[in-house]
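Peer 1: Sequence:
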Amino acid sequence: MIETFAALADPHRFRIVELLRAGPRAVNDIGERLSLNQPQVSKHLRVLKEAGLVDVQPRAQQRLYELRAQPLRQLHEWLERYHQLWDERFEAMDELIEELQQEEKSHGRSKK
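Anchor point for the sequence shown: position 9 equals 12 in the numbering used here, and the numbering is continuous, going up by one each time.
If you're looking for bench data, these hints aren't it; they were derived computationally from the structure.
Keep in mind that the hints are not guaranteed to be accurate.
Each pair of labels, with its calculated beta carbon distance range [unchecked claim]:
| # | residue 1 | residue 2 | range |
| --- | --- | --- | --- |
| 1 | Leu37 | Gln64 | 13 to 23 angstroms |
| 2 | Leu99 | Glu21 | 12 to 22 angstroms |
| 3 | Glu83 | Asn40 | 36 to 46 angstroms |
| 4 | Gln64 | Arg24 | 24 to 34 angstroms |
| 5 | Glu91 | Lys46 | 36 to 46 angstroms |
| 6 | Asp58 | His15 | 11 to 21 angstroms |
| 7 | Gln77 | His15 | 37 to 47 angstroms |
A quick note: this is a predicted structure, and the numbers were derived from the prediction, not measured.
No residue lacks a Cβ here, since even glycine has one placed at the ideal position from N, Cα and C.
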């Protein structure tokens, strides 16, 4: 998972992953869409491939890069644990706020 975070930490690689969400693309297409030259794109794709985020499929004289779902699924599952934790904390805070509001209402009525 650390390799996934490290690979996605670079803004260019993150943008490449976002671009590949729409489907497989060739290096030149990625470069044109992101205004990067071919060596830059190849360097970033190599890092993404080493992190397991992309696969490469040779087609004629091109290589098409596509996203691999598994590392992204693992990242999602890891983040989901924290999502659940924060949901529980926010629910507890909502309950506390409601309890304090009820106390305030009941104290306000007894003063009259």
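Peer 1: Against this structure, judge whether each hint is valid.
Peer 2: Now the hints, each set against the structure:
1. Leu37 <-> Gln64: 13 to 23 angstroms: holds (22 angstroms)
2. Leu99 <-> Glu21: 12 to 22 angstroms: violated (39 angstroms)
3. Glu83 <-> Asn40: 36 to 46 angstroms: holds (37 angstroms)
4. Gln64 <-> Arg24: 24 to 34 angstroms: Given range 24 to 34 angstroms: holds, Cβ gap about 25 angstroms.
5. Glu91 <-> Lys46: 36 to 46 angstroms: Holds: the Cβ-Cβ distance is about 42 angstroms, inside 36 to 46 angstroms.
6. Asp58 <-> His15: 11 to 21 angstroms: Taking Cβ atoms as reference, Asp58 and His15 lie about 19 angstroms apart, which means the hint holds.
7. Gln77 <-> His15: 37 to 47 angstroms: violated (22 angstroms)
In this structure, the hints that do not hold are numbers 2 and 7, in rising order.
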